[in-house]
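Given the structure of chain A, go ahead and fit chain B onto it with the hints provided.
The lines below spell out each chain.
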Amino acid sequence: MTPSSRAEAQQRADEMRLFRSELDRLEREGVLKLSEDQRRAVADHQRGLLAAYAQAFDIDRDAQAKQLSLGMRVASFLGALALAASAFFLFYQFWGRFYTEAQAGILITAALGTLVATFAIQARDPTGYFTKLAAMVAFACFVLNIVMLGQIFNITPSDKALLPWAALALLLAYACDLRLLLAAGILCLIAFVSARTGTWSGMYWLHFGERPENFFPAAVGLFFVPQLLDHRKFHGFPAIYRVFGLLTFFLPMLILANWGRFSYLDFERNIVEGFYQVLGFASTAGIIWLGARRHWPEVVNTGLVFFVIFLYTKFYDWWWEIMPKYLFFFVVGLTAVLLLAIFKRLRAGALATGAKPK
Amino acid sequence: MKWSRAHTVAAGIGLIALTNTVALLGVLYNRSGEASAVLRLTQREVPMSWVSYDNRENSGISLRFDRRPYDREPDWFDKAKLEALGFDTSVSAFDTRSEERYDKQLPREVLLVLEQDGPAYRRELELAKENSEREEAKAASRPGDERLRENARRAREVLEKERNESSRLFVVDAGLDPAALRAKYPDAARYAIVRGQVRPARVYMSQKLYGVVEGLSVSEINVPFAMRGVVGTAPQDGDVERRNQLPFDATVAFGRRLEPWIVSAAKK
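Top line first, the protein sequences correspond to chains A and B.
Reading the first sequence from the start, the letters are residues 1 to 358 in my numbering.
Reading the second sequence from the start, the letters are residues 359 to 626 in my numbering.
Bound conformation, chain A alone (with noise of 0.2 Å):
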């Protein structure tokens, strides 16, 4: 099967190299003895496959190639952002000695010209770190368009602006396989449908962020949307949609959890405060489970993450003043022993049904 995006490739190129060390052992315990021929065909097959998949894809073919990718990877997401502010901030220097006419010429050309600037270097780059960085200025130059073009004309702010951006960061994301774009589009919806539901309440839309209860109808979107959409070209995507969604969801609820007075419901805070506990408590075991099920582990970890914080801030509030720290502290060792206790007893259980990821 041939690959259809570079993850795809960079993975069967790592299950090669496995394979290479794992057939090495076999060989030298006496378990498996290739003829000189299979042996031969084998190296050629993968010699062609890596050759092949390293033209179209860029991959790495070593151990030493992927440690320099990952070096390549963080440099290219830092330069991305460094680049997008360079674009904010060259316009903000000089736009004001421009007439109106000019201001909006340069905006709405800076937008096309690094969309389609972004689409020529794709065409060349096939490693996509160059692509990234190109990507991510395409966007900045949009969102400054929208927003300078709203300063200039003196228009209301309005959250409809944040559909476009989440459109053309997505469209990014999916046309260059880039997850930093996805992010972006993922935080532009998720701004987008929290403050859509907050106005459903009456506020002006820009206090969404007050009501932390506005953000769940976007998280559940988003868990969900892996399911509802084919991602199997698109490595990694389905994980940053649920991880979002999770965030979305358990961040709010931590703070409804600890400050009751931002909830929407009309109750005592202290009753607000404690149905969100319980709440988080429920929906984060719920979540491990789910994620253990279906074998997805950014999921787990996610959920396990918030378990613990919605444990110890209840040690906190519990104990923190009445216990001495000494005996605080060993508590809340004794409970990361119990927790390793029973995530040892889960997996164990998960190895004894053989169960294989999806």
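Calculated from the structure, these hints are not laboratory results.
All of these numbers come straight from a predicted model, not from anything done at the bench.
For every residue, glycine included, the Cβ atom is placed at its ideal position computed from N, Cα and C.
Do not rely on the hints blindly, as some may be mistaken.
Derived list of chain A stretches under chain B, where covered just means 3 residues or more per stretch with a C-beta under 8 Å from a C-beta of chain B [as the list claims (entries may be wrong)]:
(1) 82–96
(2) 117–129
(3) 167–177
(4) 207–220
(5) 224–233
(6) 295–307
Just chain B now, with coordinates in the frame of chain A:
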């Protein structure tokens, strides 16, 4: 049909073009036809926005609406007005849970009526004048009293500031129906209807529930390049003295979408 890179580029260009078209058509619509109001303002009502240290590289210049009253709750913004604007005032504002009840009601966007140099300003001027006369009379009745003389001097300063420097732009009403507000305030050269945010507030001393204007949806107006020479350079953050150095007249129009723009500006 297979989705190609060319399709993606076309989709991206279409998205950017469509978004800009919608935004610019909105601007054209706002500025088409007869303006909903045209106010003649000065540096008193629309001083230049201060530039913070972090924002010092911004080469753009804007004027900000200096709306009043900012030192007390407006008389017209009472419980009935809050109800009319959609706030729930059915529960007592001063029982044990009222703080949560009222704090939970976040600002709403409504229509505000801005009055330029009208009865609200004249009333403020009259109050400052009465206060000055009262303090002068007190000081005159006891010539040796240093404290009374100082009070009289301060009251004179307040009156002078009110007369020559303070903004004459007052928020005088709020509503949800622009036609009803325009019918109530028909003078488009004195009253502008704009969007802004309001919220309920409470005064514990007088056990009174009232409304507060949080801000205008468009609180600043961009100064086009051609008019930069009229208003001068932006003052640094907190530079109170410098902001009034260049007196100017600015004609500000409010369009069909109630969004403002500077029609003309001239040095005084």
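Verification of the hints:
1. Counting residues of the stretch 82–96 of chain A whose beta-carbon sits less than 8 Å from any beta-carbon of chain B gives 6, enough to reach three: the coverage restraint holds.
2. With 3 residues having a Cβ less than 8 Å from any Cβ of chain B, the stretch 117–129 of chain A passes the three-residue criterion, so the hint holds.
3. Only residues whose C-beta sits within less than 8 Å of a C-beta in chain B count toward coverage, and the stretch 167–177 of chain A has 5 of them, enough to reach three; the restraint holds.
4. Remark: the stretch 207–220 of chain A is confirmed as covered by chain B, as 3 of its residues place a Cβ nearer than 8 Å to a Cβ of that chain, reaching the required three.
5. Coverage of a stretch by a chain is defined here by at least three residues with a beta carbon nearer than 8 Å to that chain's beta carbons; for the stretch 224–233 of chain A and chain B the count is 0, and the condition is violated.
6. Counting residues of the stretch 295–307 of chain A whose beta carbon lies closer than 8 Å to any beta carbon of chain B gives 0, which falls short of the minimum of three for the stated coverage.
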